[in-house]
Every structure is written in structure tokens, then in C-alpha cells.
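Same order as they appear, the protein sequences are chains U and F. The numbers in the first sequence follow the numbering used here, run straight up by one, and end at 479. The numbers in the second sequence follow the numbering used here, run straight up by one, and end at 958.
These are computed hints drawn from the structure, not numbers from a lab. Hints may be right or wrong, so weigh each one.
One side only, chain F facing chain U, incomplete, derived with CB under 7 Å [to be verified]: (1) G708; (2) A730; (3) G735; (4) A738; (5) D767; (6) T795; (7) P865; (8) R912.
Here are a few chain F residues that sit away from chain U, every Cβ distance over 10 Å (derived from the structure) [to be verified]: (9) R491; (10) C543; (11) H609; (12) T663; (13) I712; (14) R733; (15) R863; (16) G876; (17) T915; (18) R945; (19) L948.
Distance windows between CB atoms, simulated [what the hints assert, rightly or not]: (20) R716(F) to A276(U): 34 to 44 Å; (21) M897(F) to R227(U): 25 to 35 Å; (22) K403(U) to E604(F): 48 to 58 Å; (23) G331(U) to I752(F): 33 to 43 Å; (24) R227(U) to E913(F): 50 to 60 Å.
Cβ coordinates follow ideal geometry from the N, Cα and C atoms, glycine included.
2 protein chains.
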Amino acid sequence: MSTSRRFCESIRSLFDPESVAVVGATENPEKPGYLLLRNLIDLGYRGKIYPVNRGRETVLGLKCYPRVNEIPGEVETAVIIVPAKEVPKIMEDCGDKKVRSVIICSSGFGEAGGDGAKLEKMILEIASRHGIRIVGPNTTGILNTYNGFTSSFVKLSKPVRGPVSIIAQTGMFASAMLEHILTTQPYGLSKVAGLGNKVDVEDSDILEYLEGDPDTRVVAIYAEGIRDGRRFIEVSRRVSPKKPIIILKSARTRSGGRAAETHTGSLMVRDEIFDAACRAAGIIRAGDIEELLDYTKAFAMSPPPRGDRVGVIAYTGAGCVMSADAIEDYGLRLAELSEETMETLRTYTPPFGVLSNPLDAELIRMKVGNAEESMKLSLEAFMRDPNVNMVSLVMVGLRRGSKIWEVDFRRVFSKIGMDHPEKPLVATIMASREVTEEFNEEMARLGVPTYPSLHRNIRALSALARYHLKYGTSNNLQT
Amino acid sequence: MSTSRRFCESIRSLFDPESVAVVGATENPEKPGYLLLRNLIDLGYRGKIYPVNRGRETVLGLKCYPRVNEIPGEVETAVIIVPAKEVPKIMEDCGDKKVRSVIICSSGFGEAGGDGAKLEKMILEIASRHGIRIVGPNTTGILNTYNGFTSSFVKLSKPVRGPVSIIAQTGMFASAMLEHILTTQPYGLSKVAGLGNKVDVEDSDILEYLEGDPDTRVVAIYAEGIRDGRRFIEVSRRVSPKKPIIILKSARTRSGGRAAETHTGSLMVRDEIFDAACRAAGIIRAGDIEELLDYTKAFAMSPPPRGDRVGVIAYTGAGCVMSADAIEDYGLRLAELSEETMETLRTYTPPFGVLSNPLDAELIRMKVGNAEESMKLSLEAFMRDPNVNMVSLVMVGLRRGSKIWEVDFRRVFSKIGMDHPEKPLVATIMASREVTEEFNEEMARLGVPTYPSLHRNIRALSALARYHLKYGTSNNLQT
């Protein structure tokens, strides 16, 4: 097998192994070695599972082996979840067995300094001698929603499949973010890789795998450090035009850098350098978790925009004013409505109303009598207007005790004759918690991403527009 | 009565009138004149209510009058909700009746241009001739949670009383924000003033009233324009040291300015000038709605910090790294833990663990065996450490299927022996929607403000610290 073929096969074996050894499998429900095995079974992983534990005949009904190299069949990958000092010996067994890759969940390596750092060198030496790829140590590792394979020892919600893949240094964070995404975000996931200390497999390796993964359209990354920055930028430059890459890179400051050293043993890169490299490679950078998830949602759910001109339909004057500010702040342009749009809307605007973009939809409502009709008319006009490349919808939810104010967006969409918006449309509502949740759920069903504020609407659109301006609309953002 | 006494009485009459005329009262449930009256009755307003409507004998069981000046008793204030062109005549009646103030909900004045602008001039002339103060036009006006008085024609949730008062230009936004706050924020409200076109009563007038209002501790403002900027800054400079003022000022950009002109007829101020004036007057500026509400929550719920040194307890290494970054970004300092804290925590840290601030609480958990105990130990140490002025708690909620990982913060607080934190403590969790909601509710009960991300934790602390550094801890932030 050629080196590059072998390399690809090793990374593939991390996400799609036909067989896995679980070293440290146990029936003690307090132990990660139990939860991990439980997850593999519960998520319906179809490959062969070989529990490895010296002290047991079976674990959870599966035949158990004392050592990896005593397993009779082929073993593609091994998940290792035993104390750090036992890992080198297990790695030798894996080498003996010609295992392609290992996922080391155990902590107590580079991040712990001293003896941990020595152990880390040892496992690297063993891996390189046997040609084994390592994910981790110090992580929850891998999740593939499409085949149910995982190395996570955190109890997982049943994952929804979808176009987003996540690479995150640090497993606990990856797992918590995963729970958060699965229960709050309207898109599904494809692959999750928690890379931990990144002693071997890095973001670039996973990115190369995701490049060819038909189930991944968008990649979101949380990283504290990237060992081979040059390669990461090279790979990203190649992947970016096909699949947007959004990164939250921490350890940006001196204090952050110090904290990262003890967390994942990452060394700091000067942030200006990393930032410039990201821009050159077309990587979309997020400053915090909310921004990372906001952009991920926009890319996962939006068709590509044809330009940077935004139309705003706001159900309150304040929404118009703040949206206009935000559009200027984020370097976008307010669309100049076409003559056709102006003419159409003029018929539905009372004489004292000033018709412009941002459009105060309440003006239209005053003339046409109810909010739903005003939404239908303005949304339709904006979605059709070739001068409008993206639309931001700003609703207020007021209990005015009357049907006049109710808007059923499902009906609005079907009246306009669209299943999903054919140009980027984002929405927000200022309302009670209950109304906000209902609105967000309805919008999610209609394929419209929602945000908690109009500012985040515009920020998300600005990420879409920047990406589009760099790469054009020929990418496969929307399947 | 002296001019200034009269002035104070007029503004007081807007929030606490003994009698109110509702001009445009009706029983048609689709009309604002109905909802307004309904609100007054439902919120339990105890003053005299006089419906005014030419065509009716009674409205909702209350005796109705054809004109304001035909009401027998005294009328302190009038809420006017009839078409714009009828307003001048009603204003004359109000003058005749010696009404102190009017709240004009009707739109179609300055914001509509042309005839609207003429009408606006007319009502101003009438008001000045009779010494009547005007709130609005083009707004939902006033809400006082302490006596149930309101001019709002939006159906209101039963408001919770609390320390925060809101001044917002534009009534629909004020109402929607109100609904949002009442159902999502863990603090209550005192006064809400939606000022609309601000032809007369301005932010400064309301601020002066709130200065002396014992029920208001924090003031949040949304403004598009402020007519008398000089006075606003003067009043703010006086009020700020006593009660923090947080402002979201829109119409900052050219596009925003244009949108504001047609919305509330506001004229734009150069933003650098406004910003400098705010800084001089100690006003806390927010860039968007989330920031406005984040700061409001921090000030409403936090004791004053004694400095800008932050301690972070994070239940994931990633939380430590990102918090350290955020602290540097927001100009705060990472606290250097005292020798005592270090000694205490060292006993509970495994040998390979690196003890520092931010503190990875998982280290402590590894040694002490369960998450709750690790939280108790670290929170107690941080709350006691005089080097730590403020604390940010970063949790991850993982379903690890074991009690070892569960934390009951009520129990943690009672073990530490505190009802509420005695120094600013903010918290966040990365978890599933359900776990997040539970956590936020538990924290709210313990008087701890929560935010959706660790970045917003630190941003909120930075607002507290900046305010403290300007005014010291002698203000009445906490009653």
C-alpha cells in the first residue's frame, strides 16, 4: 500500500472502522469504559466490537479479550480508555495486531507535564514505529452519525444527521457543544472529531478526510493550537472553496496562551499571523462560541447569496434603524429596491408612509389590514427583487389580542409559493420566551435560520456575503 | 406653584396620576382604545379612570364622557389614542380642564412628514400655551408596575416588580422588549417609558424622575435621537453615580440616521461626539440589544465589585482558555490567587494537575471524587479570596449517567453558607437546551445572573468593573 493510500485508510479507519477494540471496557456504570461501549451499542454501530479487559470473559454480552493482539479477527482501530501509564504497552499490542489507528481518551500526557510528557513521547515513538495514527490523548474522540461509530464516553443524545462536521480540540467541550447543538440548533451533524492533545492527528488530517466526505458541507472548528500551521492553511485553502470552514481559535492572548499550555499543551501562535493566514485561506473566523454557531447555522441552512445587498423587513421602526446601523457596521450594503418592488409596495402603503429599505412592515399592515398579508406582500417583493441579495426579517411578537396581528409563516411561504427561501433569509423576533420559541421552531421547519437579535442576523449574512465574494456562487453550499 | 415644582408634578403625573382620561376608549376588541382600558383595569390601577368617547354612555362598565372638559372631577393626565388630526382639539379640551400631562399614542405626526409635521407643531403650541407636558406622539407610553398605571395598548403579561426602569424611544419596541424581559430575564421592572417622537418629554425628564424614584436602581435606555443632548449628558452625569445608566443608541451610522428620520423624526448626532459625552457622563454604552440586556442584568443582580480582577472556575479546559482570552480582550485582569487559596486547593488537586486561575474544576473533581464537592471547594475558595474581585463560573452539562457529575448549586451555596454571592458572580453553561434552562433557573433563584456564553460572562463583568472604577463601591447598586 502506498504511503498516501495508507494515510487515507488510517484516517478513514477513525470514522468508519469495520472493527474496533475497546481497551478498558467494563460493566461498572460509573466508568467511562462502560459509557463508551454503551454508546457504540446504543448508536447502532454495525462493525465488530471487541472489548478488551484482562479481568473479564464478557462485557455487556460481548466476548472480551485480555489483550488487543489476542483478538482473532482484524482490528482496524482501537479506543483506549485506561490510565495513562498503561497506554504504551497497549500501543505495542496494537502495533503487533497491525491496528491502523488508535483513539486515546485517557488524560495525563503532555497536558500534565513531567511524566505525562515522557509518556506522550513514548506513545509517539511506538506509533511511528508501527505506522499507527493517534487521535488524542485526552479527548472523547470521534462521532460519526452516519454509521453510529463513536469513541465518546459521554452519554449522547440520539444525534440528528446533517451537513455539519465539527473538529474540536478538547473532548469535554466537544461533547458539551454537541449536546448543545443537538438540542438547540436546527441542523444535523455528520462527523465530530475531538482531537485533545493532537500529538498526531491534527485538524488538517480531519479536514482532508471531510473534503471527500459527501455527507459534510460545512466544517466548524474549535482549536487552541495547531501544530503544523502551514499545512493547515494549505489544506484549508484547498477545502474552503468547496466547503466553508469556520474556526474559533482560542489562546489568542498571552493569558489564553498560558491557559492552553496546561490544558492541551498547545503553544501559542501570534494571533495577527494566524488571522492573516486565515483570511488568505478563506477560513471564516469566529470570536466566540455564539459566533461560531451563528455562522455554522447560516452556512448549513442558506443558499449562496449573489451579492452583499441586504433587504430588511422589520415589524417595528426600531428594527429598521438598528438594522441599517448593523448593515453599515458589518460592511454590507442596504439594497436599493427595484422600481418594480417600489411600485408593488406603494399600492399597499398609506399616503403618509415613507417607503424604503429597511421596510417598516407595520406601514403595509396599516393599509392592508393584517400582519400576515403585509408579511406576504413584503417578503414576496423582497425575495423577487434582483437588487436584494439577502433578506433579514425582524419581527416583534406582541399580544394584541387580535387575529389582525397573527402571522402564520407556513401559510405566508405557501402563498408565496416557496418551500424554502431561494436566497439567504434570516429571521429574528423580539417577543416573550414562548412566542420566540414557537417562531424559531416554525422558521426552522421552513428552513430559515433564526438568531436572538437583529444584529446577529446581519452578522450571519455578512459571513455568507464575504464567503460568496471570495468564491462566487459555484460552491455546493446548498445541495 | 413654582415652575420647577410644576415641572416635577407634571412628570410625576405621567407615572402616578390620581386620575386619567382615556380619549378613544372603546369596546371594540380590535381597537387600541379597548386594549388600553383593559390593561388599566387588569393591572389593577387604583386611580380614577374616565373613558372619553362621543358615541358612548359607558365603556367596560365605566361612565364615559363626550369630551375631556366635560369630566366632573380633576383629571391629572390624559391618554390620547384617536386619529392624529383630532388630537389638537382634544389638547385644547385638556388645557381647558387643566390636565398636567398627556400621553399621545396616535401616530401620523412628525414621523409622517407633511401634514403630520404641521399637526406636531400645533399640539406643541397648544401644550406650551396651557403648560401641558406631552409624551409621544407615536408610542405606547408609560407603565408603572408599582401602581398598575399604563398607557400601553399592547396586551401585557403581568409584570414582575423589580429594580430596573426602561426608557425606550418607539413604543412597539418598548412593548416587545418588555414582553421579552418579563419572560426571559430574572429581574423585575419598575417604570417603563416609551417616548415615541419625543416632541416634548425626553429621556432627561424621565431620568430626573427616576433619580428620585426609590423603586429604580438601574436605568436601561434605547434611544434613536436625543433632542437636547447637552441636558441629557448633564442629568446623566448627576444620576450615573447613584444609578447606572445603560444606553443602546441607534442611528449611529448614515444609513441608521436616515432610517431614524422616517421612524421617529430623530436627527442624527455624530457618534464619536455622543460616545465621548457618554464616557464623560459615566453612561454605559451597549452596541446591541443583547449587550443592553446583559449589562442591565449584571447591574440589577450584582453587588459592586472591589476591583477588576477576575477568578474563573471552568468545568472544561476550553472554558479556561477562552475565559483567559476574554478577560484580556475586555481589559480586565486575571486574579492572582492568594497563598491561602492555593494552599487550600492544592490539597484537593491531583499531583499532575496544574493549579492556576482560570481553575479547571475537573482537576479538583478527579481528586475529591464528585463534581458538587469540587464546585463547593473552588467557589468557596474564590469567594473568600480577597485577590478575586469577581467570579465567572463556566459549567458544561454532560449526561454521564452518574451522580458523580451532578451539581445541585442550591446545596453548594448552602454548604458555603451564602444566600446570594457577596461579590459579583456570573455563570454560564454549555449543555443541552433542557439542562441549560434548569441551570439558568436555579441560578436565578440563587441571585446569580447567567449568560449564554463565557464571553458574555466576562463582558458583563467588564461593565461592572468599569462602572466601579469610575464611581467606587459607595453607590446603591445593591439594596
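Quick rundown of the hints versus the structure:
1. G708: violated, 17 Å
2. A730: holds, 5 Å
3. G735: Given a least distance of 4 Å, the restraint on G735(F) holds.
4. A738: Holds - the Cβ of A738(F) comes within 7 Å of chain U, reaching about 4 Å at its closest.
5. D767: holds, 4 Å
6. T795: For T795(F), the interface hint holds, since the closest Cβ of chain U sits about 4 Å away, which is under 7 Å.
7. P865: Nearest chain U Cβ about 21 Å off; hint violated.
8. R912: holds, 4 Å
9. R491: holds, 27 Å
10. C543: At about 21 Å from chain U, C543(F) clears the 10 Å cut-off, so the statement holds.
11. H609: At roughly 27 Å from the nearest Cβ of chain U, H609(F) sits farther out than 10 Å, so the non-interface label holds.
12. T663: violated, 5 Å
13. I712: holds, 21 Å
14. R733: For R733(F), whose nearest Cβ neighbour in chain U is about 7 Å away, the distance does not exceed 10 Å, so it is violated.
15. R863: The claim stands: R863(F) keeps its Cβ more than 10 Å from every Cβ of chain U (closest is about 23 Å).
16. G876: violated, 7 Å
17. T915: violated, 7 Å
18. R945: holds, 19 Å
19. L948: holds, 20 Å
20. R716(F) to A276(U): 34 to 44 Å: holds, 43 Å
21. M897(F) to R227(U): 25 to 35 Å: For M897(F) and R227(U) the Cβ distance comes to about 44 Å; the hint is violated.
22. K403(U) to E604(F): 48 to 58 Å: Because 40 Å falls outside the window, the suggested range is violated.
23. G331(U) to I752(F): 33 to 43 Å: violated, 23 Å
24. R227(U) to E913(F): 50 to 60 Å: violated, 37 Å
Taken one by one, the earlier hints fail for this structure at numbers 1, 7, 12, 14, 16, 17, 21, 22, 23 and 24, listed in ascending order.
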